[in-house]
Amino acid sequence: QKEVEQNSGPLSVPEGAIASLNCTYSDRGSQSFFWYRQYSGKSPELIMSIYSNGDKEDGRFTAQLNKASQYVSLLIRDSQPSDSATYLCACGGYSTLTFGKGTMLLVSP
Amino acid sequence: KAGVTQTPRYLIKTRGQQVTLSCSPISGHRSVSWYQQTPGQGLQFLFEYFSETQRNKGNFPGRFSGRQFSNSRSEMNVSTLELGDSALYLCASSLDPGTYEQYFGPGTRLTVT
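Top to bottom, those sequences are chains A and B. Quick note on our numbering: the first sequence kicks off at 1 and runs consecutively. Quick note on our numbering: the second sequence kicks off at 1001 and runs consecutively.
Treat each hint with caution, since some may be false.
[Stated by the list, open to error] Quick list of the computed label-pair ranges, beta carbon to beta carbon:
#1 B/Y1100 with A/L75: 32 to 40 Å
#2 A/L46 with B/T1007: 18 to 26 Å
#3 A/S52 with B/G1016: 43 to 51 Å
[As the list claims (entries may be wrong)] Derived, one-sided and incomplete: chain B residues facing chain A with beta-carbon distance under 10 Å:
#4 F1060
#5 F1064
#6 G1105
Hints are computed from structural coordinates only; laboratory data are not their basis. Backbone N, C-alpha and C fix where the C-beta goes; we use that ideal spot for every residue, glycine too.
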């Protein structure tokens, strides 16, 4: 049973702070890793993908992958109230994607 | 480029009825995956289609079925609806099958009464 674990939150951070979201996965065969953002009542939106160990930066977002520890993280710098949403971690091997249940992030002005 | 479209957006059905949901992928995307999202279970994989063939299937009963057409559009069907089938049904498209980046449609909110 492939599992992706995330802290459900909510994770509360003040505006301008760094938000750190974490995810662990059980399938060592996972090759691709994604972060999705889902606003309440909306569908998930792909914000980051990462395939190799290390960091990947895109604007205010940095994804980090450590395959040895089976750990993926997402850092959001200069957090804004508009970043308040649920963040879903997804991992995949050679078949389907497995999603975590998401971490709710609340950014207060 | 237009995104993934799903129809209908909202649906109310009665127990025992059946329902068909439709998904049109992003132009050029050949793979379509379906997910069920509920507050308690999160996003659960239903099935994936590529070249009109089901490549993978999640752990759902046979009441859930799907198909893909030659233009990559996909439909899913749920027969003999149960109250527990109330959920947001999401379609995601990707260029190729497997675990390449998937882009979600707006979803169909199904309520079973």
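Structure-based check of all given hints:
1. B/Y1100 with A/L75: 32 to 40 Å: Given about 24 Å between the Cβ atoms, the range is violated.
2. A/L46 with B/T1007: 18 to 26 Å: Cβ of A/L46 to Cβ of B/T1007: about 22 Å, so the range 18 to 26 Å holds.
3. A/S52 with B/G1016: 43 to 51 Å: holds, 50 Å
4. F1060: violated, 13 Å
5. F1064: violated, 15 Å
6. G1105: Given a least distance of 6 Å, the restraint on B/G1105 holds.
When each numbered hint is compared with the structure, violations occur for hints 1, 4, 5.
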